[in-house]
Amino acid sequence: MSDATPSGEWSRSAEERRRYNLISGLVFTVLGGILLISSFMLQSPVPLIVQASIIVFVAVCIAISFGLLPVLNPQDVFGSLGLILLGLTAFIASNELPGMRGFAFGPGTAPRLFAIAMIALSLIVLVGGFLTAGPEVTKYQVRGMFFIIGAILAFAASIRPLGLVIASFATIVICAAAADDVKWRETLVVAVVITAFCSILFPYGLNLPFQLWPRFW
Amino acid sequence: MYDLINHLWLGMSVAAQPSYVLMCLVGALVGTLIGVLPGIGSLATIAMLLPITFGLPPVGALIMLAGIYYGAQYGGSTTSILVNIPGESSSVVTCLDGHEMAKNGRAGPALAIAAIGSFFAGCVATVLVAALGAPLTSVALMFGPAEYFSLMVLGLIFAVVLAKGSVIKALAIVLMGLLLSMIGSDLETGAERMTWGIPEMSDGIGFVVVGMGVFGFGEILRNLENTGTREIVQGKITGLMPTLPDLKAAAGAIGRGTLLGSALGILPGGGTIIASFAAYTLEKRLSKHPERFGRGTIEGVAAPESANNAASQTAFIPLLTLGIPPNPVMALMVGAMTIHGIVPGPQVMTKQPELFWGMIASMWIGNLMLIIINLPLVGVWVRLLRVPYRHLFPMIVVFCSIGIYSVNNAPFDVSMTAIFGIIGYWMSKHDFEPAPMILGYVLGPLMEENLRRAMLIARGDATVFFTRPISAVLLGISAVLLILAVLPSIRGKRDEVFVGDD
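Taken in order, these protein sequences are the chains called A and B.
Counting with the numbering used here, you get residues 643 to 859 for the letters of the first sequence.
Counting with the numbering used here, you get residues 81 to 582 for the letters of the second sequence.
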């Protein structure tokens with residue numbers, strides 16, 4: 643569906659672009675900083691090259707935040723930064739795992755191998771994003787994200803203690819707030835109907851072990 | 081030949097049991113129900129509906145899944161024709177002529193010919209799967225770890241080459257999938273890998289969690305952005321059956337689409353998309369009136385729909401014989417099979433013949449179901465399409481949440497899915513295709529295992545992948561494909577395929 647999103651109709655002014663680069667760059671700076679700090683707190687020492695890479699990563703992010711590097715293709719630049727961060731995180735996460743033992747792979751070999759390959763490819767994308775112009779990152783649907791993710795997390799938190807009926811009703815109501823054109827009266831009707839439907843379908847129709855009501859009932 | 085009939089008979093005797101027919105019917109029905117929702121492709125549909133099959137016995141679960149798969153495919157076509165919103169890339173082409181037909185008041189024949197074409201393609205492809213299954217299985221037995229690894233590399237490269245946009249980005253995203261699949265216990269040593277000490281992660285992140293997060297929730301977040309115009313064909317749909325001239329015009333297109341689709345579906349990596357585009361282009365080239373394409377010609381619906389369905393069925397061949405999913409949908413199937421304790425591959429056919437042939441026969445039954453349920457139910461789907469999106473997505477979210485929770489009764493899984501929903505949304509914002517990632521995610525453990533084994537057997541000599549002939553050929557094809565995809569002249573053509581003829 644990505645081709646249906648209007649990328650051309652919506653574009654940022656220079657000021658907005660700067661602000662977007664600043665915020666996104668700082669987010670990655672903070673994440674990289676956390677990774678760097680955690681790399682010092684591991685039991686076995688992290689190879690110097692990994693720590694150096696994280697420092698370079700943070701430096702690049704700071705440079706992007708303050709406009710020292712030309713972000714010509716924001717999608718590629720920030721996308722590849724995300725993947726590089728993930729790859730570096732994998733290095734920290736698999737630091738304790740033994741690598742090659744003779745010619746046999748250890749548990750840590752494959753993760754590091756794939757992480758290096760991913761970082762290498764992302765670097766190509768990153769450099770390309772500094773050199774050639776490309777589409778901007780379209781605006782995030784913050785309201786939608788907040789309420790939908792909130793609804794899912796609310797379900798996760800409430801399903802055990804409160805049971806299926808309350809959890810699904812709450813999830814539907816929270817989730818409905820994500821739409822710009824929410825109509826509360828209709829939503830409540832939908833919520834009641836769907837909750838009733840779920841409470842019959844899953845425990846009885848599909849025979850799944852669900853608790854319907856709160857535990858103290 | 082005798083064997084073939086024997087096998088199909090065995091399959092039929094399994095799949096035609098009333099309880100299995102019922103499961104297939106239910107699968108096709110709910111598959112269409114979800115697949116018909118605008119913007120929800122077959123991948124998202126299967127991801128969402130997977131949990132409901134977990135309580136069933138393995139054969140029943142797989143038959144139901146097959147039903148869901150075809151239902152989802154057909155539901156996508158219905159939406160393309162009636163609303164002009166393709167649920168997935170493979171039904172983009174159906175939109176071109178299908179929606180034009182619907183606007184001309186011929187939605188009925190368009191839907192009917194889509195069903196008939198799919199059914200015909202399904203019949204041919206079923207026989208093809210049955211016929212090619214046995215010989216390919218014997219090929220699979222010659223494969224050692226090095227060959228398996230190279231074959232998976234080829235599959236991933238195909239997925240990369242056929243993905244939209246940058247090849248390098250698609251490769252990086254495949255590696256991200258591979259990397260994520262390493263989370264959890266190491267198969268050989270049992271060491272916990274990248275779990276951050278979280279006990280729920282020691283089993284790895286369930287592929288349902290990743291699939292439903294990235295495709296299900298990610299898709300909902302994306303869809304919230306374009307709540308704008310949705311032009312549903314108004315008025316009653318009358319005259320469901322195509323006329324005799326319609327059928328005559330479509331017959332050739334259905335035949336050619338089926339052949340093309342069957343051949344392309346076997347290839348690893350997103351065969352259905354290419355199949356429907358290729359079939360449409362072929363018809364346009366062959367037609368005496370190419371100018372009619374895009375204005376509502378029946379061949380323009382019949383060809384891609386048959387090709388699409390044939391391809392989605394022959395895609396089972398590499399999965400069932402070699403154990404390698406050729407596309408993300410099949411990757412979800414692998415996940416479903418593993419949950420039921422079935423490791424897809426050549427041994428399934430010899431050790432569990434009733435499962436193997438039952439599933440193949442159920443494909444045919446599934447196709448028959450679609451004709452039976454969809455034609456009379458078109459009115460219901462139309463009404464469903466009129467439900468505003470603001471009411472649909474809360475329902476989908478709550479169903480998905482319950483579904484994920486029911487897999488392991490783990491609230492942790494639900495929260496994890498929310499995180500993957502954000503990741504999926506973030507990926508689409510940065511023009512990363514999620515499909516190669518899920519393929520990498522599912523193939524990851526298999527690939528690592530075979531890589532380690534091959535290296536161990538070769539005593540650490542990495543050249544083994546190039547000195548063993550089959551493996552070398554497979555890697556050679558991968559390299560050629562990759563080079564072709566990166567070359568600018570081919571890139572232009574490849575983009576053309578995805579843009580279509582509009």
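FYI, nobody ran anything at the bench for these hints, they're computed from the structure.
We treat Cβ as the ideally placed atom computed from N, Cα and C, and that holds for glycine.
Keep in mind that a hint or two might mislead.
Distance ranges between label pairs, derived from CB positions [as the list claims (entries may be wrong)]:
#1 B:T269 <-> A:A838: 34 to 42 Å
#2 A:I679 <-> B:V560: 28 to 36 Å
#3 A:A838 <-> B:I499: 23 to 31 Å
#4 B:G224 <-> A:F682: 41 to 49 Å
#5 B:L84 <-> A:L714: 52 to 60 Å
#6 B:L84 <-> A:V769: 42 to 50 Å
#7 A:E738 <-> B:D541: 24 to 32 Å
#8 A:I676 <-> B:P433: 52 to 60 Å
#9 B:T430 <-> A:I676: 46 to 54 Å
#10 A:P687 <-> B:G277: 56 to 64 Å
#11 B:D283 <-> A:G741: 57 to 65 Å
#12 A:G709 <-> B:G421: 51 to 59 Å
#13 A:V824 <-> B:K368: 47 to 55 Å
Covered stretches of chain A, going by a simulated chain B footprint (3 or more residues, C-beta under 8 Å) [said to hold, decoys possible]:
#14 684-693
#15 701-709
#16 737-748
Against the structure, the hints:
At about 50 Å, the beta-carbon gap between T269 (chain B) and A838 (chain A) misses the expected band of 34 to 42 Å. As the Cβ distance of I679 (chain A) to V560 (chain B) is approximately 46 Å, the hint placing it in 28 to 36 Å is violated. Range check, A838 (chain A) to I499 (chain B): about 30 Å between beta-carbon atoms, so the 23 to 31 Å window is met. One distance hint, 41 to 49 Å for the beta-carbon pair G224 (chain B) and F682 (chain A), holds here, with the actual separation near 44 Å.
Against the hinted window of 52 to 60 Å, the Cβ-Cβ separation of L84 (chain B) and L714 (chain A) comes to about 58 Å, which satisfies the hint. The hinted range of 42 to 50 Å is not satisfied by L84 (chain B) and V769 (chain A), whose Cβ atoms lie roughly 55 Å apart. In this structure the supplied range 24 to 32 Å holds for E738 (chain A) paired with D541 (chain B), their Cβ-Cβ distance being about 28 Å. Judged by the Cβ atoms, the range 52 to 60 Å given for I676 (chain A) and P433 (chain B) holds: they are separated by roughly 54 Å.
Here the CB-CB span from T430 (chain B) to I676 (chain A) is close to 52 Å, well matched to the stated 46 to 54 Å. Separation of P687 (chain A) from G277 (chain B) is about 19 Å and departs from the stated range, judged on CB atoms against 56 to 64 Å. Checking the proposed 57 to 65 Å range against D283 (chain B) and G741 (chain A) shows it is violated: the Cβ atoms sit about 23 Å from each other. Remark: the range hint 51 to 59 Å for G709 (chain A) to G421 (chain B) is upheld by a beta-carbon distance near 56 Å.
For the pair V824 (chain A) and K368 (chain B), the supplied restraint of 47 to 55 Å holds, since their beta-carbon distance comes to about 52 Å. Look at the region 684-693 of chain A against chain B: 0 of its residues bring a Cβ nearer than 8 Å to a Cβ of that chain, fewer than three, so the hint is violated. Counting residues of the region 701-709 of chain A whose CB falls under 8 Å from any CB of chain B gives 0; the rule of at least 3 is not met. Residues of the region 737-748 of chain A with a Cβ under 8 Å from some Cβ of chain B number 7, which satisfies the need for three, so the listed coverage holds.
When each numbered hint is compared with the structure, violations occur for hints 1, 2, 6, 10, 11, 14, 15.
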